[in-house]
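A.B. asks: Here are the chains, one letter per residue:
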Amino acid sequence: MSVSIFEGAGHAPAVNIEPRPMLSRDADSMFWMSRYVERSEHVARLLRVHTLLLTDVGDLTPVLEYRMWLTILTTMRLPSDLPGDGPIGARIARYMTFDPGNPSSILSCIAKARENARAIRESISSELWESLNTLYWTVNDESAAARYEEAPDTWLYNIMNGSMLFQGLNNQTMGHDQRWNFTQVAKFLERIDVTARMMDTRFELLTAMAMQLDQPILNIHLMGVLRSACSLEAYRRLHSAELDATRVAQFLLFQRDYPRSVRFCVDQARDAIEGIRVSNGARSPSVPERILGRLSSELEYADINDVLAHGLTPYLQKIQETVNEASIALQKAYFLY
Amino acid sequence: MFQNYETGGVFDEMFVEPGTPRRHYAPAAQRLLDMDADAFERRRRMADVLFRNQGITFTVYSDQRGVEKIFPFDLVPRIIPADEWETLERGLIQRITALNLFCQDIYHDQRILKERIIDPELIYGAKMFRREMFGVNVPRNIYIHICGTDLVRGGDGKYYVLEDNGRTPSGVSYVLENRAVMKRVFPAIFNQYRVRAIEDYPFNLLQTMRHVAPLHATDPTCVILTPGVYNSAYFEHTFLARQMGIDLVEGQDLVVENGFVYMRTTAGLRRVDVIYRRLDDDFLDPLCFRQDSILGVAGLMNAYRVGNVALVNAVGTGVADDKAIYPFVPDMINFYLGQEPILANVPTYVCARPDDRKFVLENLDKLVVKSTNESGGYGMLMGHQATKEEQAKFAELIRANPRDYVGQPVVELSQHPSFCDGQNVTSGDGSRRFEGRRVDLRPYILYGEKVIVMPGGLTRVALRRGSLVVNSSQGGGSKDTWVLEDEEGE
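Line order of the protein sequences matches chains L and H. At position 265 of the first sequence (counting the first as 1) the number is 265 in the working numbering, and the numbers step up by one without a gap. Just so we're on the same page, the working numbering is the position in the second sequence counted from 1, plus 337.
Misleading hints may appear alongside valid ones.
To be verified - No more than 35 angstroms apart at the CA atoms, straight line, and that leaves these computed lysine-lysine pairs for DSBU-like:
1) H:495 <-> H:787
2) H:495 <-> H:725
3) H:495 <-> H:520
4) H:406 <-> L:112
5) L:112 <-> H:725
6) H:787 <-> H:520
What the hints contain is simulated information worked out from the structure, not anything from laboratory work.
Working from the sequences, and respecting the hints, build out all of it.
C.D. replies: Pasting the structure below:
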């Protein structure tokens, strides 16, 4: 007689189980864990791109070089009075990598991401936790600063890869359920915010310097802007190697299918928020969903020439304000009720 | 690496005498003999990296800087033969059964006091006696669902119970993680034996919790309540929650409404039925116990008393593992079960009794004095190692509050070979080799529909030479503990 492992004695087990709702505090930690990892990646990339860029453009005037470095601070919403002395590049690098007093230093971001992950250790996969914990020990190890000095480029590259690995593991070892959706919203809101500020500060500086820039140098700067958003190669595939400020702005704002463009990120964030609402069984859009939905339509139908005619800065600032509103509405709806 | 190995007059787990391993240790000993120090050291490093990257750490309170530490892991496994384990298992089941009957009795009829087996004053003087629990019926009359009993082996090779941890014993996550790491770094030794599996512990724990769920909960929601990320055992709380697939909550996540407990979720409030609380009684409910507690849940005790939520372990079990009540456990076994104790106690002098007190005060230089209100190796006097001043200080403390102290003769813990790497563990002459270090054993017992003793447990190691203190907060380490399927390894 054959025995089936699928036939239990007595009653049939319940198989169609709805996932249970998650703790508000867990949702909060999910959100910030993901957001801080994303932020650390941006800081690493900005540092890396700036170092390369300033090598490429050769000797700038000290004032220009200084202002170029300061765009990193502006992009990360940090005050521009830097601690310490010495050449500006080295000071920025120190401040943005290991300074525990700087809330946006790579060390601070990864430490905070890990703190949040530790608070929800039980609801994330072991693979995800280990990747983040390993990344933490990479930046918090006694020899970390020495290894950075030895090869800054490699070190920053490893940080960015650490973030990419984290995202990959998040996609491949976690259920794409409500908790995952919270990490998605966080990641994309952070990316929109940094991208919009990066564009704003850099285009503003390039406009101010326009008189002093010949075409080859302007091209290098535009490449720097694209690289800062990890978009250079994708841009080239679309527009060939020909660089043009309007096209660059158009690409970073509106490119529908590229995961670094503002529009793509807004759509993803909105979908994730929708997913959160649907998994709670609610039928009409939530407040944060409405906010991002309106922004999404705006981006879908906008024309870059109109935007430039009315000023890029106010447009980018409006995007940042909307993202901030959505972020607050999300917290009100799910964390702080 | 076993050159100059000494068994030093105490019971050695691995060797009958230097060079002659016990039968069940022979294959492991041979394997270790075949390795050189570098090969062993490489494996130890591998284990350390595994622990660190997985975040398997504990928090040390006195240490301001490196707050998070790896629990030092000693790669040489402790091996317990099947017949020895069988006796331990029976003894532990007998003990947890008696302790549960004792709690039930103390908070109801108090027969054991009425028949003068235990002096009522000892009970009412116990810090952990909870008047609030008097007359409260707990689900299925189970008080201690999870027990971690500390066993030591004396110079005679016999096991003794050192204490019963019937409140919130910790360490079981290290048992499971040690095993997982051991399988990764030492598969060769592992495969020489048939080691009993321990991996079903989380499942059994969940069953134990579900067993006491209120009857109205058809599909009970079970959670673990943690004091939070800064608690020394936080890793364990997350580990168990993850292994059981249940939520880990903090006090701030819970609210009590209309006598039921709810947790705050993204979809609103959701009822909670069973709470494995890793929070002392004192902090559970600011309305009932400490008012300044922000870790607990206001109103929780009311919900508990009317049976709308189950707590694991029950409130008030501290009365059973009070160090001044511990000496009466053999009497309890006798009284409630009509049996002789299978596992022996360490002789204990209760300072609340005048004769005992006199004896303790006269022999402070020979005894171990323990505070009944502390655990984790805090508030202890190791008489034979203490200075005259320390002894005088304890004499004063004992005279002031005799109820709070007990004395015990020094138990010579058994020893087990540990690898001395020159960093965490230093050998007598500084070279890298094996030396004996003292060990104890904490098995974990679950009292649910049936009583289940996890085959194995946490072997803690005193990493300092000659030290008898194995607590992790006092620089102890741990080992993987193997209970064998049958007598001999192949």
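A.B. asks: Hints first: check each against the structure and report whether it holds.
C.D. replies: Hints, one by one, checked against the model:
Using a Cα cut-off of 35 angstroms, the hinted pair residue 495 of chain H and residue 787 of chain H holds, with the two alpha carbons roughly 27 angstroms apart. Note on residue 495 of chain H and residue 725 of chain H: the hinted pairing holds, with a Cα-Cα distance of about 32 angstroms set against a maximum of 35 angstroms. Simply put, residue 495 of chain H and residue 520 of chain H have alpha-carbon atoms about 30 angstroms apart, close enough for the 35 angstroms limit, and the pair holds. With a CA separation close to 19 angstroms, the supplied pair residue 406 of chain H and residue 112 of chain L stays within the 35 angstroms bound.
As the CA atoms of residue 112 of chain L and residue 725 of chain H are separated by approximately 49 angstroms, the hinted pair breaks the 35 angstroms bound. Proximity of residue 787 of chain H to residue 520 of chain H is assessed by CA-CA distance (about 30 angstroms); at most 35 angstroms being required, the pair is judged to hold.
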